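Engineer: For the sequence shown, my numbering begins at 1 and goes up steadily by one.
Keep in mind that the hints were calculated from the coordinates and are not lab data.
With a straight-line Cα cutoff of 16 Å, these simulated EDC-like cross-link-like pairs (lysine to aspartate or glutamate) come out:
1) Lys320 to Glu287
2) Lys344 to Asp125
3) Lys252 to Asp318
4) Lys252 to Glu168
5) Lys128 to Glu346
Computed from a predicted model, the values in this text were never measured in an experiment.
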Amino acid sequence: MSAKIPVGILGATGIVGQRFIQMLEHHPWFEVAWLAASDRSEGKPYAEAARWRLKTAIPPRIAGMRVSAATPDGAPKVIFAALDASIAAEMEPRFAEAGCAVITNSSALRMAKDVPLVIPEVNPDHTKLIECQSWRRKSGGFVVTNSNCSAMGLVLALAPLHKRFELETVMAVTMQAVSGAGYPGVASLDILGNVIPYIAKEEEKMEEETRKLLGTLNGAGVVLAPFKMSAQCNRVAVEDGHTESVSVKFKKKAEAVEIVDAWTTFRGVAQAKKLPSAPDVPVRYLELSDRPQPRFDVDSGNGMTTTVGRLRPCAVLDWKFTVLSHNTIRGAAGAALLNAELLKVEGYLG
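Working from the sequences, and respecting the hints, build out all of it.
Structural biologist: So this is what it looks like as structure tokens:
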């Protein structure tokens, strides 16, 4: 058996960093060898530096690992990044310049022309943009991003429909879990018994990223998908799981049975290549009239499956339905991990 690839985690003490640690604990290809966080955590054992917020325990091997300075010196060549966008914009290029493969959950570089924004089931060919990056030519390093957490579930639900019926208009209203705001997140007095109809820059991210993910690779860039997209984003008092009410208009006529078939038969490269973190079913459709619900469905496929339900005609557009996706697994750490697995089988990682 070949040795596992050593990986590092930037932003290891945050919620997404913790998800990386959790999901990498028994990974067959990757092994956590390096952890980095803010200056106040440097030199401390991880268990002391991080306020662990997940339901599983800190892996014993990780608990005693010392947190390093967030610099490329001594870092492995494969880095999972879970940084705030303002920090990532400066730090991720620094690691790429040093020859690291940076697989990031940050929004900082998602819309950069030469940076792939990837969901393996949807647009695996966009990884070819790696070869257009100056870091790749100079040091061998590169950056690959995954999408915003609310765009992730939406795009997985839209991709098979766009392929078959061609989207003309998409309208999405989100009900987003508090874990999406990180820890400690939204104050309890703000969110309990309340809905907050504003999440900074979220609507813009959804509208831009959805069209890039469903766009077409064209040489050194991506031509955005031409459909119209409108998003409204709300924070609600749910721990995990982003729910979205979606309405769509197609260019081609579609019957309900055809739409459900598009979802239930949808598979991608992640399933074909049996990537370790890939769910057997990327999109699951439920016939029950009151599903999906975060309480019952958020952990479907170990948090990597997007669940869809309530398909019915729309009096304004063509069809409407409900989407649910786990925001810190499929929408964050799990998405980056799946991207890393795709990059490995494509020969980009060790």
